[in-house]
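There are 2 protein chains.
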Amino acid sequence: MKKSLDRREKVLDLLYQNQDRYLSGEELSNKLGVSRTSIWKYINYLREAGYQIESSSKIGYRLITPADNLLPEEIKRNLNTEIIGQEIIYYKEIESTNDAAKKLAQSGLQEGAVVIAEEQKRGKGRLGREFCSPLGGIWLSCILRPDIKPTLATRATYIASLAIVKTIRKLSAVDAKIKWPNDILVGNKKVSGILTEMGAELDKVDYLIVGMGINLNFPLDTFDESLHNKVTTIYHETGKKISRVKFVQALLEEIEMVYKKLYDFKDILKEWKAYSYTLGKVVKIDNKKEEIVGEAVDIAEDGALLVKVDDKVRKFYSGEVSLYHQSFNSGN
Amino acid sequence: MKKSLDRREKVLDLLYQNQDRYLSGEELSNKLGVSRTSIWKYINYLREAGYQIESSSKIGYRLITPADNLLPEEIKRNLNTEIIGQEIIYYKEIESTNDAAKKLAQSGLQEGAVVIAEEQKRGKGRLGREFCSPLGGIWLSCILRPDIKPTLATRATYIASLAIVKTIRKLSAVDAKIKWPNDILVGNKKVSGILTEMGAELDKVDYLIVGMGINLNFPLDTFDESLHNKVTTIYHETGKKISRVKFVQALLEEIEMVYKKLYDFKDILKEWKAYSYTLGKVVKIDNKKEEIVGEAVDIAEDGALLVKVDDKVRKFYSGEVSLYHQSFNSGN
Chain A
1 MKKSLDRREK VLDLLYQNQD RYLSGEELSN KLGVSRTSIW KYINYLREAG YQIESSSKIG
61 YRLITPADNL LPEEIKRNLN TEIIGQEIIY YKEIESTNDA AKKLAQSGLQ EGAVVIAEEQ
121 KRGKGRLGRE FCSPLGGIWL SCILRPDIKP TLATRATYIA SLAIVKTIRK LSAVDAKIKW
181 PNDILVGNKK VSGILTEMGA ELDKVDYLIV GMGINLNFPL DTFDESLHNK VTTIYHETGK
241 KISRVKFVQA LLEEIEMVYK KLYDFKDILK EWKAYSYTLG KVVKIDNKKE EIVGEAVDIA
301 EDGALLVKVD DKVRKFYSGE VSLYHQSFNS GN
Chain B
333 MKKSLDRREK VLDLLYQNQD RYLSGEELSN KLGVSRTSIW KYINYLREAG YQIESSSKIG
393 YRLITPADNL LPEEIKRNLN TEIIGQEIIY YKEIESTNDA AKKLAQSGLQ EGAVVIAEEQ
453 KRGKGRLGRE FCSPLGGIWL SCILRPDIKP TLATRATYIA SLAIVKTIRK LSAVDAKIKW
513 PNDILVGNKK VSGILTEMGA ELDKVDYLIV GMGINLNFPL DTFDESLHNK VTTIYHETGK
573 KISRVKFVQA LLEEIEMVYK KLYDFKDILK EWKAYSYTLG KVVKIDNKKE EIVGEAVDIA
633 EDGALLVKVD DKVRKFYSGE VSLYHQSFNS GN
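Note that the protein sequences, when read in sequence, are chains A and B.
Using the numbering used here, the letters of the first sequence map in sequence onto residues 1 to 332.
Using the numbering used here, the letters of the second sequence map in sequence onto residues 333 to 664.
In short, the hints are calculated from the structure, not lab data.
Where hints are given, some of them may not hold.
[What the hints assert, rightly or not] Now the in silico label distances, taken between C-beta atoms and shown as ranges: (1) A:GLN106 with B:ASP618: 22 to 32 Å; (2) B:HIS560 with A:GLY128: 43 to 53 Å; (3) A:GLU290 with B:LYS536: 17 to 27 Å; (4) A:GLY128 with B:ASP596: 23 to 33 Å; (5) A:GLN106 with B:GLN442: 16 to 26 Å; (6) A:GLN110 with B:GLN442: 24 to 34 Å.
The beta-carbon is built from N, C-alpha and C at its ideal position, and this holds for glycine as well.
Produce the complete structure using the sequences and hints provided.
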């Protein structure tokens with residue numbers, strides 16, 4: 001399904017396909033129609049990126065160990081999507097993938113493009129909160145350009161949360177659940193958060209930036225101890241590291257599958273509810289004006305949380321509530 | 333109320349205050365604490381911008397005729413605002429002031445900042461339509477950062493339309509009216525349009541860009557003849573040119589006054605209705621699915637147009653309708 005492989009991707013492909021033998025610089029250069037100097041430069045780039053590549057001036061190159069970093073050419077190898085991730089912009093380190101994606105979206109970058117970074121220096125949560133994003137996690141932002149009104153933009157958060165929870169369950173087998181509106185929990189601790197931002201006219205979304213952060217392959221003590229009852233990482237929960245490249249590939253594929261149902265939001269909601277942590281629980285809503293305790297009973301078609309308070313069902317939108325589950329304390 | 337005047341503004345101020353005599357380079361340089369070369373450079377800049385300034389190496393400089401362009405230092409002279417227009421970014425020519433303002437807003441430019449251009453090369457109307465923006469008009473975009481939800485962003489269009497209609501009436505005495513949602517008419521022809529765009533989280537507006545275009549000082553035949561029954565210019569209607577600097581100053585002051593009532597939207601709506609072209613008229617709503625004819629009876633508190641159709645009042649949001657007045661044909 002891939003649209004095109006550029007030369008860098010082809011070099012990597014050839015190295016992967018020929019791990020049992022040496023590929024000479026000449027062979028690579030002939031196959032790809034580029035100079036041997038170009039090949040040599042790219043090999044060095046891969047080494048810097050953490051790949052172990054044996055080489056000998058006489059016999060050529062051989063890939064020993066792939067690096068588990070998130071190079072676009074690595075993610076796009078065998079990526080089975082049509083839109084999401086067909087363009088990937090990679091940073092070793094960045095302030096915020098959402099901010100970078102916003103700028104790129106404004107400059108016209110197409111739907112499906114993904115900004116990914118090994119590390120965010122100023123990762124953002126909702127309402128300007130900090131979001132800790134160390135090495136070993138997945139920090140990416142996806143540009144979507146659906147033809148919808150701004151009032152429907154909330155669907156993007158549903159799409160992302162569903163895609164993340166499914167990917168985590170598929171690759172790590174932990175019992176991940178979605179805490180409305182935008183967190184993924186394992187047990188009752190946060191492993192992932194979503195920040196959706198948009199650029200829009202009053203009548204029409206120009207772009208959505210769906211930022212996703214997943215605490216994947218790093219130990220719990222990366223976080224301050226004061227947070228250990230609120231957050232966790234997949235690695236901490238399972239003791240196993242997951243290939244980050246495979247995780248990102250699976251995630252992008254899930255996003256695409258769910259995104260295709262954007263206009264059948266009922267379908268998305270139905271699946272979403274199966275993974276909900278929030279529904280059926282007693283929740284506390286603090287909407288600045290008042291504090292309300294009630295049972296979260298359902299999600300409305302417009303994405304609002306329906307809470308039964310004194311036998312009356314009330315609607316709450318993400319912006320109005322900070323949501324506390326009775327069983328434990330956790331920020332949202 | 334002005335917060336600060338930079339040196340360039342001070343030079344212009346001194347020239348204005350001393351139009352009856354020559355100001356020597358030395359005097360200017362002493363008063364402002366800058367070199368005579370700096371003074372000389374700025375005088376040249378003003379001349380290039382269209383100011384007629386007499387000079388003599390012996391006796392100094394004297395302002396003969398101010399230029400009617402929109403230099404920030406000219407607009408900010410005697411501008412009576414606290415927020416709107418305290419920072420002005422000026423372009424002789426630009427693709428789109430809204431696009432420039434968006435980029436600046438994203439880089440953190442503060443509330444009230446204004447991007448203004450003598451001419452837009454790719455002015456934008458709603459939903460990507462073209463917006464003709466030749467020399468002699470007013471083309472500006474204002475950055476607002478209210479603490480509101482995206483659903484309330486529509487208020488910005490009400491604020492801008494009210495400010496524009498009041499400014500036109502004040503300075504030209506034509507009977508301008510507001511055609512819902514975002515045009516200003518004289519007679520039944522468009523003299524001004526508004527394009528509001530936003531950057532937002534799902535719960536909170538980050539910035540609003542309120543783009544305004546006003547056909548002020550240029551003749552009607554700037555437009556293609558096919559449009560002459562749909563558009564007009566203040567100059568065509570009155571035969572008089574208005575100082576563009578004064579127009580912008582008055583406009584920014586009106587915007588600020590109306591913007592201060594953002595949280596009392598009822599007040600804004602009340603005034604807005606007094607200038608409405610649409611209310612009380614039979615309108616045709618075309619919302620892709622169906623064509624509805626009814627009487628526009630009121631504006632709802634959320635900014636929707638209320639239309640009485642077969643004795644039932646229905647709500648229409650700007651995105652859903654193209655609106656046709658029975659008396660004439662006009663795009664919106």
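(request) Sort out which numbered hints this structure fails and list those numbers smallest first. (result) none
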